[in-house]
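Each chain is listed here by its residues.
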Amino acid sequence: MSTYLGLPTMRPPVAPHGVGALSGDRPFPAAAKEALANDQLRRNLGAATRTIRTKRAKVVDEVPDWAQLRAAGAAIKDDVLARLDTYLIQLEEQVVARGGVVHWARDAAEANRIVTELVQATGAHDVVKVKSMATQEIGLNEALAEAGISAWETDLAELIVQLADDKPSHILVPAIHRNRSEIREIFLREMGRAGLAADPGLTDDPKALAEAARRHLRRKFLDAEVAISGANFAIAETGTLAVVESEGNGRMCLTLPRVLITVMGVEKLLPTWRDLEVFLQLLPRSSTGERMNPYTSMWTGVTPGDGPQEFHLVLLDNGRTATLADPRGRSALRCIRCSACLNVCPVYERTGGHAYGSVYPGPIGAVLSPQLTGVEYNATLPFASSLCGACYDVCPVAIDIPSMLVHLRSEVVDAKRAAHRLPQPEAVAMGAVGWVMRGRRRWPLALRAMKLVRPLGKLIGRGGRISVAPPPLSAWTAARDLPLPPPQSFRERWARENRLSGPQRQSGPPRESGKEE
Amino acid sequence: MTAREEILGRIRAALADRPQPAPVERNYRASGESPIEDAPLLELLVDRLIDYKATVHRATPETAAEVIAAALAERGANRIVVPVGFPAPLLAAIDPSSIIRDEPPLTAAQLDVTDGVLTTSTVAIAETGTIVLDAGPGQGRRALSLVPDYHLCVVMAADVVRGVPEGITRLAPENTSTTLPLTWISGPSATSDIELQRVEGVHGPRTLVVVLIT
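Protein chains in written order, with this note's numbering: chain A, 18 to 534; chain B, 24 to 237.
Derived by calculation from the structure, the hints in this document are not laboratory data. These numbers were taken from a predicted model, which means no experiment stands behind them. Careful, some of the hints might be misleading.
Only pairs whose alpha carbons sit at most 20 Å apart, straight line, appear in this in silico SDA-like list of lysine to any residue [unchecked claim]:
| no. | chain 1 | residue 1 | chain 2 | residue 2 |
| --- | --- | --- | --- | --- |
| 1 | A | K224 | B | L67 |
| 2 | B | K76 | A | E228 |
| 3 | A | K75 | B | L67 |
| 4 | A | K75 | B | R52 |
| 5 | A | K224 | B | R52 |
| 6 | A | K224 | B | K76 |
| 7 | A | K72 | B | I73 |
| 8 | A | K72 | B | T78 |
| 9 | A | K224 | B | R229 |
| 10 | A | K184 | A | R206 |
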């Protein structure tokens, strides 16, 4: 059903390529192969994901109404997406009514420009940051650096990653690929250049390392004039924003500086205050496996005499409206960035986040990143999955990631077909197989012909399977085993065992041999 | 066209299929189910707080002032920040010279060299061991409960609820006079970023003491 409006409705644009960190420069299989060779990463990641998912399972089991909360969470987010424009307008009204300023950013470049100009207006050359995936997504730190502004990360793990000039490997524990002695070295080497230097006698005991970070960052917090944060939730009804955290650096950044700039994806809304009762249960238990995280801060606009006296909210699109436009893909925008899916994914557990090339890795990254950037820039991500479905089981907002992966795979194939004037080898092969399978006589013939290949299969295979095949099948057997062709096809066996003859050959129920008739 | 208009236009175009999601069913455990000042409920709160490595002292309205003074003495705290509107009776056993008022407002640097802060609270959630401050009288502007290294928080039994939905209801904007800044505290700060070993006390007060008045 459609209404002629006189104008073509165009699909909203995706995130601009080359700005920010939504896609990598290598396809997943290549990047994954390299990551798999990194033993320390695999060990740390394996231990981390195992620990967190065990904790998560325990605290979720405690909650007798988890299924109802999950369903409510999904429904609330679907309502947000279905009326996103209305809620955004309401949020803006409420924030402005309480002394905040709201900015709208169509894409990463515009968001970077807005934030840079806001910081420049204060005259500050240093800003402190609370961890924000949205600001990583748009490459904000790099954009600020180009304008001569230093953005200091204050989350311990982000601090480690920043001092080491590294990239985060996990949404929640970004420095998990580093062990304690590496962290000690990084602190000793780099803290002095960034601010207060570490004590030369620093040990690698986690308590000592945390203390070193505390001292180094405390100086920054007490002196900072400008802070940049993200937001976990924004309540349209009241204009309230919420930041969920563990270490206290969020509280520091949201309270002490004079100016606060919050960058938030447009989908992070909740309609009413009451909806927090669902999400403040879903998020802590799903992300860190705790009943509640140590600190959650909520604020609305500006409170005179308490906290920042200037507050800016930057609403970010950057491909979210493009994602919204696909009815089969838009539920990816329900995501509350808990990372529960990362911690259960057998693929992510082995490769880590870098292999995905995007700040959103793992199962959610495999469905969100390609939609934000357009499938051609993250074409291998929907295939980076065994479709086991563990992610769907743990997702607190019930995003059906496996179905979405299959849908996006077909989008990738369609895009490839559209991009090439001549069909690619894979498409030709699939077309040929399809032609054979469609034929009523062709297919049974092909199955009988496979029998002839069986002796060869037994030569190169072992124990009923073929693990190494010559090209082009080698592309398949590089990662999977092929079964040996059977001595007879199922159709042949069926026909023989049921002794159907004449016109009944093609149809009819099986009859017990020797009974009736 | 402004960015705002363009984004709103994109959203409307994206929703051309007019999705009608199912209404939200709120059949999870909701508000209004826990009796007030129920002993097991308070035990649950205490249990959770201790689990988070907070120290808990029980007191009655008569003993509260002494309990608070004793806790501060145990800490060796001589310069305590007390927010505007903190109940005077609770200060009765403390040496007045060790009390620092927030009038005129203390700077972050001044807060940094105090020994601790004393606050009341607005609601406590037993199931999750959470205490919520609303920056109102007795609780102080947010910097007060953030910068000092020691935080002694007074929780009244009547303010203890069972679960998050009840806490949210108590805090709802129609139940408080304005949308005040809220701080939800569930134990002292912690990180598990270094080899996943939980280390207590990064930023924010590293010692949290709760005095529960029944």
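Now for the hints, and whether the structure bears them out:
1. A:K224 - B:L67: violated (29 Å)
2. B:K76 - A:E228: holds (18 Å)
3. A:K75 - B:L67: holds (18 Å)
4. A:K75 - B:R52: Given pair K75 (chain A), R52 (chain B) holds - Cα atoms ~19 Å apart, limit 20 Å.
5. A:K224 - B:R52: violated (39 Å)
6. A:K224 - B:K76: At roughly 15 Å apart (the allowed maximum being 20 Å), K76 (chain B) and K224 (chain A) satisfy the hint.
7. A:K72 - B:I73: Given pair K72 (chain A), I73 (chain B) holds - Cα atoms ~18 Å apart, limit 20 Å.
8. A:K72 - B:T78: violated (24 Å)
9. A:K224 - B:R229: Holds: K224 (chain A) and R229 (chain B) sit about 12 Å apart, inside 20 Å.
10. A:K184 - A:R206: holds (18 Å)
The structure fails hints 1, 5 and 8 (numbered hints given earlier, in ascending order).
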